[in-house]
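**Student:** Numbering (our numbering), first residue to last: 1 to 313.
Simulated from the structure, these hints should not be mistaken for laboratory data. Even glycine gets a Cβ: it sits at the ideal position worked out from N, Cα and C. It cannot be assumed that every hint is accurate.
Taking lysine-lysine pairs in the DSS-like style, the calculated list, with each CA pair at most 25 Å apart, reads [to be verified]: (1) 118 - 92; (2) 92 - 3; (3) 114 - 18.
The following label-pair restraints were derived from C-beta to C-beta distances [unchecked claim]: (4) 57 - 287: 30 to 36 Å; (5) 299 - 61: 33 to 39 Å; (6) 253 - 205: 19 to 25 Å.
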Amino acid sequence: MTKTTQEFINEIGEAARKIGQEYDLYASVMIAQAILESGSGQSSLSTHPNYNLFGIKGEYKGESASFYTLEDNGTGQLYGIQAKFRKYPSVKESLEDYAELMKIGIASNEDFYKGVTKKEAKTYKEATAYLTGRYATDTRYDEKLNALIETYDLTYFDQAVKKGKRVTKGNVEVDTYEIMNPETKKTAIFTLPLEEKYVISSPFGYRGNEHHDGIDLAIAANTPVLASSDGVVVGTGFDPSAGNYVIVKHSNDLYTNYFHLNSISVSLGEKVTSGNIVGLVGSTGNSTGSHLHFGISTDMWRNYLNPASYFEF
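All chains, full assembly: derive it from the sequences and hints.
**Tutor:** In structure tokens, the structure reads:
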């Protein structure tokens, strides 16, 4: 299936936000560059097995891939060359390596990209102007980046995610998280779906060539699974892969997904409030060991977001 630009933003947006905060970079600029350089994650360079979202040349830990590319001679005229590009194990390393490049610059000038940081560039437009003719030879690079930032409202990712107040859920105090739907920009308050202690047994992201669309929280069978936020149950049943599942739609139009349940405690169409038990932890479907697969998505069964970008697990 061809990935849309919005789906690509959903995939990398929160990771870019975190990295932007850590490296003092505009996540909006980072995302816009990834869209432009990778064709919204569709180019051969940006997909398996290369995962190079930013068109960064050279090698990454000894790995590279050769591609034909067009360069601008500085006057708007294009010419073609065969170039070596960095090859990454996953998009995560691509995002992190981009930030490192902005931090350390190039061999001949460690301050080469210094002007792109928030400390130096007071607006994202100053950052994109600084990159033009420096990161890319395209003389209209900043215009293209600015258009993407404005079209997709990417400045949303330039602010840190705010953790909310602690509330009582069941028998314990838990943190709340204000989560915004990256498509609708609606917000709602969420909490983690488990009260008991768990271990992350598999994170969100690629496992070999397959993408894991949630986070696996290993915990004893029959542990209560709690609704992460107020909402309506829009999906229950059994799936050969997900096992017994519950899907809840929330007021900000995000969906939370609870898979591999031992049993289901809610019915289709039922309204739930944060902390209601939706089921019990199990190992049904395509599962090894007792755990909760917890997912967040902008649509049912597709467009999954990384839960670790929104919650502290």
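**Student:** Evaluate each hint against the coordinates.
**Tutor:** Do the hints match the structure? See the list:
With a CA separation close to 22 Å, the supplied pair residue 118 and residue 92 stays within the 25 Å bound. Of the pairs offered as hints, the one joining residue 92 and residue 3 holds, with about 18 Å between alpha carbons and a cut-off of 25 Å not exceeded. Taking the CA atoms of residue 114 and residue 18, the gap is about 19 Å. The hint holds against a cut of 25 Å. Checking the proposed 30 to 36 Å range against residue 57 and residue 287 shows it is violated: the Cβ atoms sit about 42 Å from each other.
Take residue 299 and residue 61: their Cβ atoms lie about 36 Å apart, and the range 33 to 39 Å holds. Distance hint check: the CB atoms of residue 253 and residue 205 are about 24 Å apart, consistent with the given range 19 to 25 Å.
The earlier numbered hint that this structure contradicts is number 4, and it is the only one.
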